[in-house]
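Student: With the sequences and hints as input, model every part of the structure.
In order, the protein sequence lines correspond to chains B and S.
Using the working numbering, the first residue of the first sequence is number 958, and each one after it goes up by one.
Using the working numbering, the first residue of the second sequence is number 14, and each one after it goes up by one.
One or more hints might be untrue.
Stated by the list, open to error - Listed next, the in silico BS3-like pairs over lysine-lysine satisfying Cα-Cα at most 30 Å (straight line): (1) S:Lys96 / B:Lys1057; (2) B:Lys999 / S:Lys96; (3) S:Lys83 / B:Lys999; (4) S:Lys70 / S:Lys22; (5) S:Lys70 / B:Lys1024; (6) B:Lys1057 / S:Lys83; (7) S:Lys27 / S:Lys96; (8) B:Lys1024 / S:Lys84; (9) S:Lys96 / B:Lys1013; (10) B:Lys1024 / S:Lys27; (11) S:Lys27 / B:Lys1013; (12) S:Lys96 / S:Lys22; (13) B:Lys999 / S:Lys70; (14) S:Lys96 / S:Lys70; (15) B:Lys1057 / S:Lys22; (16) B:Lys999 / S:Lys84; (17) B:Lys1024 / B:Lys1057.
Said to hold, decoys possible - Quick list of simulated restraints, FRET-style, between CB atoms: (18) B:Glu972 / S:Thr33: 42 to 48 Å; (19) S:Glu28 / B:Gly1011: 35 to 41 Å; (20) S:Asn31 / B:Gly1011: 26 to 32 Å; (21) S:Glu82 / B:Ser965: 27 to 33 Å; (22) S:Ile73 / B:Thr1067: 28 to 34 Å; (23) B:Asn964 / S:Gly16: 30 to 36 Å.
Stated by the list, open to error - Which stretches of chain B does chain S cover? Using the computed rule of at least three CB atoms under 8 Å from a CB of chain S, they are: (24) 1002–1012; (25) 1059–1069.
Source of the hints: derived by calculation from the structure; they are not laboratory data.
Glycine included, each C-beta is placed from N, C-alpha and C at the ideal position.
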Amino acid sequence: QKEVEQNSGPLSVPEGAIASLNCTYSDRGSQSFFWYRQYSGKSPELIMFIYSNGDKEDGRFTAQLNKASQYVSLLIRDSQPSDSATYLCAAIAGGTSYGKLTFGQGTILTVHP
Amino acid sequence: DGGITQSPKYLFRKEGQNVTLSCEQNLNHDAMYWYRQDPGQGLRLIYYSQIVNDFQKGDIAEGYSVSREKKESFPLTVTSAQKNPTAFYLCASSNRQGDEQYFGPGTRLTVT
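Tutor: Below is the structure:
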């Protein structure tokens, strides 16, 4: 079973700080990685995707991918209370399972004023 | 206004009854997916479809069935064979398989 692992948290950061969310994956064939934000009782919302090694920035969000270490991270700069949510990491399976999205269990982030 | 709609938002059923959850998208996406989420858990894939009239089992397909007769629609039936049907059901779509997926608002099913 191909897995995506996340620290369930909760991760608590003060307003204005950088929140760092981490994810590891076991399928070396995975090519595409996604970060979703899920507010309580709501459906997941796509916030970032990354395909290549290195960093990808979008506003206050930076996704980082290291395929050699099988590691994906999401940095949230200038964290706001509205960023408080569960963050789900997901990977697209490679090989014969191509296209199947496997999710981690999510990290709960709390940003306190 | 493009998007994915799921209905109803909340659904209550008695044990032993089959129930069908609706999912419609007007994004012109080829691929559609059904996931299940249990409290404190990540999402688990039930079924997915890359193209009309074709679908594949995901990781937890037992007790579920789907159809894909139209590109815009991918209904999910939760049958009485599903042992623990109470969950949050999420439908998603992507332009093609392997592309980023976008989710509908979900249907919360409670079976008693």
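Student: Determine for every hint whether it applies to the structure shown.
Tutor: Evaluated hints:
Of the supplied pair hints, the one linking S:Lys96 and B:Lys1057 holds, its CA atoms being roughly 24 Å apart against a limit of 30 Å. For the proposed pair B:Lys999 and S:Lys96, the alpha carbon gap of about 24 Å is at most 30 Å, so the pair holds. Taking the CA atoms of S:Lys83 and B:Lys999, the gap is near 27 Å; set against the 30 Å cutoff, the hint holds. Between S:Lys70 and S:Lys22, the direct Cα distance comes to roughly 24 Å. Compliance with the 30 Å bound is thereby established for this hinted pair.
Between S:Lys70 and B:Lys1024 the alpha-carbon distance is near 28 Å, which keeps this suggested pair within the 30 Å criterion. With a C-alpha separation of about 21 Å, the suggested pair B:Lys1057 and S:Lys83 falls inside the 30 Å cut-off, and the hint holds. This hinted pair checks out: S:Lys27 and S:Lys96 have alpha carbons roughly 13 Å apart, not beyond 30 Å. Taking the CA atoms of B:Lys1024 and S:Lys84, the gap is about 35 Å. The hint is violated against a cut of 30 Å.
Among the hinted pairs, S:Lys96 with B:Lys1013 is inconsistent with the structure: their alpha-carbon atoms are about 42 Å apart, more than 30 Å. Between B:Lys1024 and S:Lys27, the direct Cα distance comes to roughly 47 Å. Violation of the 30 Å bound is thereby established for this hinted pair. Straight-line distance between C-alpha atoms of S:Lys27 and B:Lys1013 comes to about 48 Å, which puts the hinted pair past the 30 Å bound. Only pairs whose Cα atoms come within 30 Å are accepted, and S:Lys96 paired with S:Lys22 is accepted, the gap being roughly 22 Å.
This hinted pair checks out: B:Lys999 and S:Lys70 have alpha carbons roughly 25 Å apart, not beyond 30 Å. Restraint check: the Cα-Cα separation between S:Lys96 and S:Lys70 comes to about 17 Å, which is no more than 30 Å; the hinted pair holds. For the hint linking B:Lys1057 to S:Lys22, the alpha-carbon distance of about 25 Å falls within 30 Å, and the restraint holds. Among the hinted pairs, B:Lys999 with S:Lys84 is consistent with the structure: their alpha-carbon atoms are about 25 Å apart, no more than 30 Å.
As the CA atoms of B:Lys1024 and B:Lys1057 are separated by approximately 18 Å, the hinted pair is consistent with the 30 Å bound. The given range of 42 to 48 Å is respected by B:Glu972 and S:Thr33, whose C-beta atoms sit roughly 44 Å from each other. Judged by the Cβ atoms, the range 35 to 41 Å given for S:Glu28 and B:Gly1011 is violated: they are separated by roughly 51 Å. Distance hint for S:Asn31 and B:Gly1011: a CB-CB separation of about 48 Å, inconsistent with the stated range 26 to 32 Å.
Separated by about 39 Å at the C-beta atoms, S:Glu82 and B:Ser965 break the suggested range of 27 to 33 Å. In this structure, S:Ile73 and B:Thr1067 meet the distance hint of 28 to 34 Å, their C-beta atoms being roughly 30 Å apart. Evaluation of the 30 to 36 Å hint for B:Asn964 and S:Gly16 yields a pass: the beta carbon distance comes to about 32 Å. Closer than 8 Å: that is the beta-carbon criterion, and the region 1002–1012 of chain B has 3 residues meeting it against chain S, so the requirement of 3 holds.
Under a criterion of three residues with beta carbons nearer than 8 Å to beta carbons of chain S, the stated coverage of the region 1059–1069 of chain B is upheld, 5 such residues being counted.
The structure fails hints 8, 9, 10, 11, 19, 20 and 21 (numbered hints given earlier, in ascending order).
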